[in-house]
Amino acid sequence: MSHAPRRGGRVRPRTLVWNVGLAVALVAALVVWAVPEDTGRSVVEALVGANPLALTAALALYPLIPLARALRLRAALSLPMDGRRMLALGRVAAMHSMLASFVPMRLGEVSLIWLLHRAVGTPMATGSALLLVLRLLDLVVVLGAGIVALAWLPAARVALPQAGPVASVALLAVLGGLALAPALARRLGRLTPLVPGRVGRFAAALFDSVGTMTPGRLGLLLGWTLPAWGPIFLIAWLCANAAGPGVGLAGGIAGGSATALASVLPVNTVASVGTFEAAWMLALMPAGLDGATALATGVLFHAVVLVGSAVLGLLALPGGWRREQPSAGDRPEAGTFAGEPDVSTRAEPGIGPPTERG
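Sequential numbering from 1 applies to the sequence shown in the UniProt record's numbering.
A couple of the hints might just be wrong.
Claimed, not checked - Restraint-style ranges between C-beta atoms, simulated for each label pair: (1) Asp-82 x Val-199: 17 to 27 Å; (2) Leu-317 x Gly-83: 16 to 26 Å; (3) Gly-197 x Ala-151: 48 to 58 Å; (4) Pro-63 x Gly-216: 28 to 38 Å.
To be clear, the hints were calculated from the coordinates, so they are not data collected in a lab. Note that CB positions come from ideal geometry on N, CA and C, so glycine has one too.
Start from the sequences, fold in the hints, and give me the full structure.
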């Protein structure tokens, strides 16, 4: 039986041209804004004079990021700590990092759902709930780190006196939402599905997965999220000091937090080019860098992130992504992202993955 290709997976040429054009326009605007008097010469000089040892150290630290994320995935899924599982989760983390770094509008984020489904047999609804919770935890850590960085930067407090209180209120709101998320999901799960069929069952399974989370499990995952961001902030600090005067650790934390928050903007580009550097400059200029140096170090930090994610993602690509069924011995604990029914592969007339249709 032949199957027509699904249009949802295609990248429209017009959309791609728009994202590339927007990236070029943003970078040009940043150069003009940062160094209007010599049209980019200072940026080029800062890039050429960058410290290769700092950049090498930053690249050497990058593998710690997918390693920490793989450990967080293992804790969330309550999988055994064995070499085969950790290798599979490491490949998932590396591939997800590469796709999330390069695909426009951060659409690569949702690849985690499919990657976990193929690598360790995680149900699609469970992977969706896991992605939602992990990104909420990431937001909590990034906002918290940004608040600490603002507290350490007197210049930032002078330039943005309301940034600390506003960020504190936002952090409290996120923490409150994090604490209320399981109860809210349980309430929504008990409602009659508004959408019939497979989509409705998928939403119900998604709410059930989030609703099983306990405060203890959320706290555990929050604890695993902290070391997942540590290498990112350290790499940001190394890049901030690679082409200019010394920047304290608070500057690296501020830059890493700002670029992470910029990735969730509704307007984004291919590989976040332009928005990434703009967020970095807004964070590093109050830390003491001039516009040209801030832009140059932002380009360096972005290059390290893209190169590191691309290399590790390509290394994780060989071997295929054959779907693995969960073993009978993997008994999930209560309140974990494991063991929920997979509604994504239930057969309906004309519905289902192309490879499974009759």
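Against the structure, the hints:
1. The beta-carbon spacing between Asp-82 and Val-199, approximately 36 Å, falls outside the hinted interval of 17 to 27 Å.
2. The hint said 16 to 26 Å for the Cβ distance between Leu-317 and Gly-83, and at roughly 20 Å that hint holds.
3. Between Gly-197 and Ala-151 the beta carbons are some 50 Å apart, a value that agrees with the proposed interval 48 to 58 Å.
4. In this structure the hint that Pro-63 and Gly-216 lie 28 to 38 Å apart at CB holds, the actual value being about 30 Å.
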